[in-house]
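For the record, the sequence lines run as chains A and B. In short: position in the first sequence from 1, add 211, done, that's the numbering used here. In short: position in the second sequence from 1, add 70, done, that's the numbering used here.
A couple of the hints might just be wrong.
FRET-style restraints, in silico, Cβ to Cβ [stated by the list, open to error]: (1) A241(B) x Q403(A): 44 to 50 Å; (2) V126(B) x V231(A): 55 to 61 Å; (3) G176(B) x I273(A): 44 to 50 Å; (4) V356(A) x V73(B): 32 to 38 Å; (5) S303(A) x H210(B): 30 to 36 Å.
These are computed hints drawn from the structure, not numbers from a lab. All figures in this text were calculated on a predicted structure; none of them were measured in a lab. By construction, the Cβ of each residue, glycine as well, lies at the ideal position given by its N, Cα and C atoms.
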Amino acid sequence: MKLTLRIWRQSGPNAQGTLVDYVLDDVSPEMSFLEMLDVLNEKLILDGDIPVTFDHDCREGICGACGMVVNGAPHGPQTLTTTCQLHMRTFSDGDTIVIEPWRSAAFPVVKDLMVDRSAFDRIIQAGGYVSVTTGSAPEANTQLVPKPDADLAFENAECIGCGACVAACPNGSSMLFVSAKVSHLNVLPQGQPERESRVVGMVEQMDAEGFGGCTNTGECTNACPKGIPQASIARLNKEYLRASLTHRR
Amino acid sequence: MAVTGILMLLFLILHMAGNLKIFFGRDDFDSYAHWLRTIGSPVLHNAWFLWIQRFVLLVAIALHAVSAYQLSRRDLKARPEKYAHRLRPTASYATNTMRFGGIIIGLFVIYHILDLTALVANPNGVEGAAYDNVVADFSHWYIALAYIVAMLALCLHIAHGFWSAARTLGAVTSATRATAYKATAGVLAAVITLGFLAVPIAVMAGLVD
Numbered sequence: 212m213k214l215t216l217r218i219w220r221q222s223g224p225n226a227q228g229t230l231v232d233y234v235l236d237d238v239s240p241e242m243s244f245l246e247m248l249d250v251l252n253e254k255l256i257l258d259g260d261i262p263v264t265f266d267h268d269c270r271e272g273i274c275g276a277c278g279m280v281v282n283g284a285p286h287g288p289q290t291l292t293t294t295c296q297l298h299m300r301t302f303s304d305g306d307t308i309v310i311e312p313w314r315s316a317a318f319p320v321v322k323d324l325m326v327d328r329s330a331f332d333r334i335i336q337a338g339g340y341v342s343v344t345t346g347s348a349p350e351a352n353t354q355l356v357p358k359p360d361a362d363l364a365f366e367n368a369e370c371i372g373c374g375a376c377v378a379a380c381p382n383g384s385s386m387l388f389v390s391a392k393v394s395h396l397n398v399l400p401q402g403q404p405e406r407e408s409r410v411v412g413m414v415e416q417m418d419a420e421g422f423g424g425c426t427n428t429g430e431c432t433n434a435c436p437k438g439i440p441q442a443s444i445a446r447l448n449k450e451y452l453r454a455s456l457t458h459r460r
Numbered sequence: 071m072a073v074t075g076i077l078m079l080l081f082l083i084l085h086m087a088g089n090l091k092i093f094f095g096r097d098d099f100d101s102y103a104h105w106l107r108t109i110g111s112p113v114l115h116n117a118w119f120l121w122i123q124r125f126v127l128l129v130a131i132a133l134h135a136v137s138a139y140q141l142s143r144r145d146l147k148a149r150p151e152k153y154a155h156r157l158r159p160t161a162s163y164a165t166n167t168m169r170f171g172g173i174i175i176g177l178f179v180i181y182h183i184l185d186l187t188a189l190v191a192n193p194n195g196v197e198g199a200a201y202d203n204v205v206a207d208f209s210h211w212y213i214a215l216a217y218i219v220a221m222l223a224l225c226l227h228i229a230h231g232f233w234s235a236a237r238t239l240g241a242v243t244s245a246t247r248a249t250a251y252k253a254t255a256g257v258l259a260a261v262i263t264l265g266f267l268a269v270p271i272a273v274m275a276g277l278v279d
């Protein structure tokens with residue numbers, strides 16, 4: 212396959228970026244999207260150019276490190292797929308592919324396609340944890356979890372924190388990410404001690420980071436590689452309203 | 071946005087139902103319009119209920135508009151650098167036109183109050199002659215057209231608004247409920263819009279004159 216890649220190049224956080232065209236002649240349809248970028252980078256290095264910087268780690272769709280906006284869609288055109296799991300057979304010979312970083316005030320560009328997602332880490336620090344008793348292992352069945360609750364928690368625990376929801380949202384809101392974490396932990400018995408402080412803390416941190424507000428467009432869910440449902444956002448709102456009424460500071 | 075929106079939605083349902091009294095003729099409609107001024111009497115003085123309601127609605131509109139402005143400001147600030155390749159919107163037309171539609175509805179409400187409450191913009195403009203004032207309005211095609219456009223904007227606004235408000239208030243926490251709320255939003259939007267549109271259409275068709 213012959214492809215024209217139109218990639219965002221930016222040499223540093225404060226540098227002026229621009230879209231640059233690269234032509235790749237021999238792209239195999241079996242390559243993953245990141246392998247295709249590896250091939251481009253090898254070529255750039257051989258040519259004496261600076262390779263394109265992008266985040267990646269596990270390359271099997273579970274770490275949340277990779278992520279770029281491909282032709283206007285976070286993680287590319289295929290639903291429920293991270294960029295690393297996207298294959299070049301999704302595209303056609305002769306295509307021009309526009310590749311941009313996540314665009315959000317809370318995710319400043321570090322270089323090229325790599326953005327700084329530590330805003331998510333700070334949101335997690337503000338409440339995305341549970342208290343555990345350390346020491347001897349407890350008896351496995353002391354804390355019973357109803358099956359529907361376990362399913363709900365698991366569905367939301369699938370969130371890999373990649374930031375596609377923020378990238379897709381026309382408002383740059385991170386509500387889906389926060390709602391997945393809150394839904395995951397607040398529904399479980401292990402999450403009860405911090406139930407109120409978690410949701411209040413995480414929402415306050417989310418606001419402080421400069422993310423936009425949710426207007427329930429649903430773009431986040433449609434872009435989410437893990438299919439976190441929009442209903443989680445309603446649950447976050449419900450938990451937040453509840454906590455606002457009962458939370459003691 | 072959600073609380074004030076739902077408050078205005080409740081008012082619209084009553085307003086729409088009241089408008090349909092026009093189909094029972096001039097006397098019925100005008101006496102209904104007069105009755106609105108006597109709600110709550112004798113506990114409340116003449117038209118006091120109406121003024122309380124107007125005040126509450128005005129506060130709701132103001133808060134709704136201020137929230138929309140603040141939300142929009144915040145959202146624009148959250149994405150200072152736009153995408154070169156525009157994101158494909160997967161959301162509905164109603165969802166993507168909330169701001170624009172809201173402005174159309176806001177401008178229409180101002181005109182509507184000048185037209186049929188203050189009567190300064192009404193071609194007939196006789197106090198107490200609600201029926202004749204309405205008929206005078208819709209005998210002009212451009213007034214009817216403006217009204218129809220505003221009502222269609224309202225339809226889209228409610229279709230997304232009701233559903234979004236339910237989400238904001240934490241009500242739609244499962245996929246099954248989502249379907250139910252979406253259907254309710256659609257039915258509410260359709261019923262309210264058709265109810266309001268019945269009046270100009272009836273006047274233009276000569277059913278009400």
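* To do: State the violated hints by number, sorted upward, taking the hints as numbered earlier in the document.
  => When the structure is compared with the hints, numbers 1 and 5 turn out to be violated.
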